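K.L.:
Residue numbers (the working numbering), protein chains in the order written: chain A, 1 to 149; chain B, 1 to 149; chain C, 1 to 149; chain D, 1 to 149.
Heads up, a few of these hints could be off.
Which copy? The list can't say, so a pair holds if one copy fits it or any two copies do.
The calculated SDA-like cross-link candidates involving lysine to any residue, where the alpha carbons are at most 25 Å apart (straight line), are [as the list claims (entries may be wrong)]:
id : residue 1 : residue 2
1  : LYS11     : GLY74
2  : LYS67     : GLN134
3  : LYS126    : GLU4
4  : LYS67     : VAL41
5  : LYS67     : ALA135
In case anyone wonders, no lab produced these hints; they're calculated from the structure. A quick note: this is a predicted structure, and the numbers were derived from the prediction, not measured.
4 protein chains.
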Amino acid sequence: MKKEIKPYYHKIQYYETDGMRIVHHSNYIRWMEETRTDYLVQAGFPYDVLEERGILFPVLSVSCDYKTAVPFGGTVKIQMQLDWFDGLRYGVSYIMTDADDESIVHLTGTTTHCFLNKDLRPMRIKKEAPDVYQAFCEYANELRGMAAK
Amino acid sequence: MKKEIKPYYHKIQYYETDGMRIVHHSNYIRWMEETRTDYLVQAGFPYDVLEERGILFPVLSVSCDYKTAVPFGGTVKIQMQLDWFDGLRYGVSYIMTDADDESIVHLTGTTTHCFLNKDLRPMRIKKEAPDVYQAFCEYANELRGMAAK
Amino acid sequence: MKKEIKPYYHKIQYYETDGMRIVHHSNYIRWMEETRTDYLVQAGFPYDVLEERGILFPVLSVSCDYKTAVPFGGTVKIQMQLDWFDGLRYGVSYIMTDADDESIVHLTGTTTHCFLNKDLRPMRIKKEAPDVYQAFCEYANELRGMAAK
Amino acid sequence: MKKEIKPYYHKIQYYETDGMRIVHHSNYIRWMEETRTDYLVQAGFPYDVLEERGILFPVLSVSCDYKTAVPFGGTVKIQMQLDWFDGLRYGVSYIMTDADDESIVHLTGTTTHCFLNKDLRPMRIKKEAPDVYQAFCEYANELRGMAAK
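Just chain A, same shape as in the assembly (with noise of 0.2 Å):
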């Protein structure tokens, strides 16, 4: 995959604002959501190619740290990263900041991930989707180079 990932940015909807007039929180659930989406068409894998080859990569756990709120009217930028990749599972985590000045941090989270298939069973992708797991690979390996440096 691609080690350059372009932040993904989302517009505040009206709709995703509550009675305190700022975004409900089970919307960052969603825009960590968008942002795996749009870093998969960068690195060349879109979810919906994926998913009609039959890989499917559900939500294992998500922590999300809410830290500032978000207001209608504004946009936000969020930042992910592969944390780790093991074969069978793996982590991302994700910085939501204001699109404009990244002093204010909306929220820090996490998600964990597996490999399904269609059938929703456990999927070896090392063995049943090679090219997926070469960029994985190659992702994890760029990134423990950096933290070497």
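Since the structure of chain A is already known, use the hints to place chains B, C and D on it.
P.N.:
Just chains B, C and D now, with coordinates in the frame of chain A:
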């Protein structure tokens, strides 16, 4: 299908409110679906069972008139009825009021639907799902009887 | 308001799909709102600024005709126009097509709106927000001019 | 607050499913909110009444472990408990199972919350809402008593 339809009640959730501190208008469309789903259970044809049999009822059109806003904390009462059925399509109408005071009308709306099979192709339910066809006919006949009185 | 409205594009998100593997019909209502919000930015009247001035545009009615399903992975193009404006209310119409192929129409729809103040009471924008009133009039005049040709 | 909390039940809606034909993971976050709202009614402090008094409980963090997928047609049972309360913040945990078979665990999760006033500023509920403070203390004491046995 059963002629007497118990009304459906929906308790307003916080995540359904928006920055105006009232329910966002897109949610009513979802409650109309909740009402249909509840009705199908009452009629002995739960939607998940129909779906497993390969019978889908997608929405062809929606119309809503928003009469009065619904604040958080309340409960709405939704009454639906089958307006027409011609063997290939059907129309449903809805009236949504305060749960305790029917003189407070929040919304009137309609939806139309067709029958599709699992491949999202039109389905002749008279032939392919005669029990469902029969139930629709009986309900439509009752309506005609009621109208004739 | 500006006469030339740039169309609005919405990339389909996974969380917008349903068990039929197509976009759930309630989401189109939200994209119509996204389109209006985007238009107001184009017209120089961002909705968050209007809201801060105490001008709200709630939805009075919605109607949608669902023409063809939208699968995950695609992008839709939404074109809206002001259909009428009488000083107290206005109507908008929408056509939603595939982003790349306008011959694939997914939806046609309309919404109507009124003007409310922060206390959710009717507002005479001619008096209370003359710049907004003016912008609506200019746009409506242009429409008439176009119709007259 | 009441020590015995009746579990909360949520019937899965079609609009909550996604293209994998199971509930989209973002919805569980919403059901955790539904459970808290239901609990506050049981405890005699409905959230809409608290909100009118200017007491808000925003979410500071969320964590979820997704154990097994929830298909359309089912009903989930959610049991929550107050894990801790220090006067300024509190933590809640949740276990979500099949409504009929508690051995099928769908999710375990936690949320943390603080108290804000209407201007979204921190609130000392001991001073500003002593009845709410008292209720939290009693519930926390009970928990300690139960833990000591």
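K.L.:
Please go over all the hints and tell whether each is borne out by the structure.
P.N.:
For each hint, the structure was consulted:
1. Within a single copy, LYS11 and GLY74 get their C-alpha atoms as close as 6 Å, and across copies as close as 19 Å, so both meet the 25 Å cut-off.
2. Taking CA atoms no more than 25 Å apart as the test, LYS67 paired with GLN134 passes in neither setting, with 36 Å inside one copy and 28 Å between copies.
3. Taking CA atoms no more than 25 Å apart as the test, LYS126 paired with GLU4 passes inside one copy only; the shortest distance there is 24 Å, against 50 Å between copies.
4. In this assembly of identical chains, LYS67 and VAL41 lie within 25 Å of each other by CA distance neither inside one copy nor across copies; the values are 29 Å within and 28 Å between.
5. Proximity of LYS67 to ALA135 under the C-alpha cut-off of 25 Å is found in neither arrangement, the shortest distances being 33 Å within a copy and 27 Å between copies.
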